[in-house]
Amino acid sequence: MPELSESVVEIDNLVSHYGSRKILDGINLQVQRGETMVIMGGSGAGKSTLLRHILGLNLPSSGNIRIFGKEITRLSNSELSKLRTKIGVAFQGGALLTSITVAENINLPLREHTKLNSETIEIITRLKLEMVNLSGCDRMMPSELSGGMLKRAALARAVAMDPQLMILDEPSSGLDPITAVEIDELVLRMKRALNLTIVIITHELQSALKIADRIAVLCQGQVIFSGTKEQIHESNNQYIQNLLNRTPSNNQIEGNEYLRRLTGLQ
Amino acid sequence: MEYKSTIEGNCSIIALSGEIDLQSSPPAREQMLNALKQNHHLMVDMSAVEYIDSSGIASLVEGFQFAKTHDLKFGLVNISQATRQVLELARLDQIFLLFETLDEGLAVIQG
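Line by line, the protein sequences are chains A and B.
Sequence positions in the first sequence follow my numbering and run 21 to 286.
Sequence positions in the second sequence follow my numbering and run 7 to 117.
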């Protein structure tokens, strides 16, 4: 049963580094219960790193991350593990375990984290496959699935434990336009029926505009826009306009800095 | 946990309530299957159910399947809009016998 707190994800001034390289530079972001927040941005903007922080997979250099009101940077491993049972994740590319069947991938968390009997687990597994239109695929191996089927199987696994928060990394990327639209529609149907809060990372503008309640745009580790679909069109920011109009950024080269990079000389 | 149960002729009526989740669905499942094993039709009154998760839905499916294979009837009464949406997502709304009221269900099941 959903809890009463309104903010499901609250990120305050998150700073993150890989080595000495700063990836996230003071991120502030809130996702409200029942909301679909789409995070957009170019490659290297920090989207996937932000996702890893929300899941507690990376430790921040500084800042706070509260999920369901709990500061995840201070949770023990067992507390974090319990919290993650409320979060469903579909990674880019599906990330299904290749040595077990589709059904075993979906019901793995049920077998690991619940005491349900095997009949109930089997029915839940088939229910989830029905929800994503993969009925009859339970005994197939992941290698036998098409790209679109893999994405749907990943969605089925993400909702296996009836999560309250679902995190999707590029759910419709790399698919043909019709299959991509089908995935978007499926995400919307699942959100409504399962009362989900969703955070989606995507490059796909059409997908973002279709499924988002709000959009956050990341650029060089910072949130340069956060607002509704309507508000993003009104933004004067050049990067956002480039994103909306699919025009490449025309970065001006600073001559001395460019030569230093090429020659390696300081 | 024991849910309220009554008998009307050849039909058991079990009133589920509150949250039907990982903890409460196993006893609900057992109670439903026990009623069916007594060779009674079964009506599950869902009017006091605040939330039902996949394990609860799966228990309903199992009860429905048991009834079907034993020539019994299994109906759900007064499901909430939230439950209906979950059933629709899995297309179970086309499978289950759904009734607005107990009287309506009893008339069909016992008729």
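Worth flagging that the hints you see were computed from the coordinates, not collected in a lab.
Backbone N, C-alpha and C fix where the C-beta goes; we use that ideal spot for every residue, glycine too.
Please note that the accuracy of each hint is not assured.
[What the hints assert, rightly or not] 30 Å max Cα-Cα, derived DSSO-like pairs, lysine-lysine:
no., chain 1, residue 1, chain 2, residue 2
1, A, Lys135, B, Lys43
2, A, Lys230, B, Lys74
3, A, Lys90, A, Lys135
4, A, Lys135, B, Lys74
[What the hints assert, rightly or not] Covered stretches of chain A, as calculated for chain B (at least 3 residues, CB under 8 Å):
no., segment
5, 90-97
6, 203-212
7, 253-267
[To be verified] According to the in silico footprint, chain A covers these stretches of chain B (three or more CB under 8 Å from chain A):
no., segment
8, 9-22
9, 77-88
Hint-by-hint comparison with the structure:
1. Lys135/A <-> Lys43/B: Holds - the C-alpha atoms of Lys43/B and Lys135/A are around 24 Å apart, at most 30 Å.
2. Lys230/A <-> Lys74/B: 41 Å, violated
3. Lys90/A <-> Lys135/A: 26 Å, holds
4. Lys135/A <-> Lys74/B: 27 Å, holds
5. 90-97: It is violated, with 0 qualifying residues against the three required.
6. 203-212: holds (count 3)
7. 253-267: violated (count 0)
8. 9-22: violated (count 0)
9. 77-88: This one is violated; 1 residues, fewer than the three required, reach chain A with a Cβ under 8 Å.
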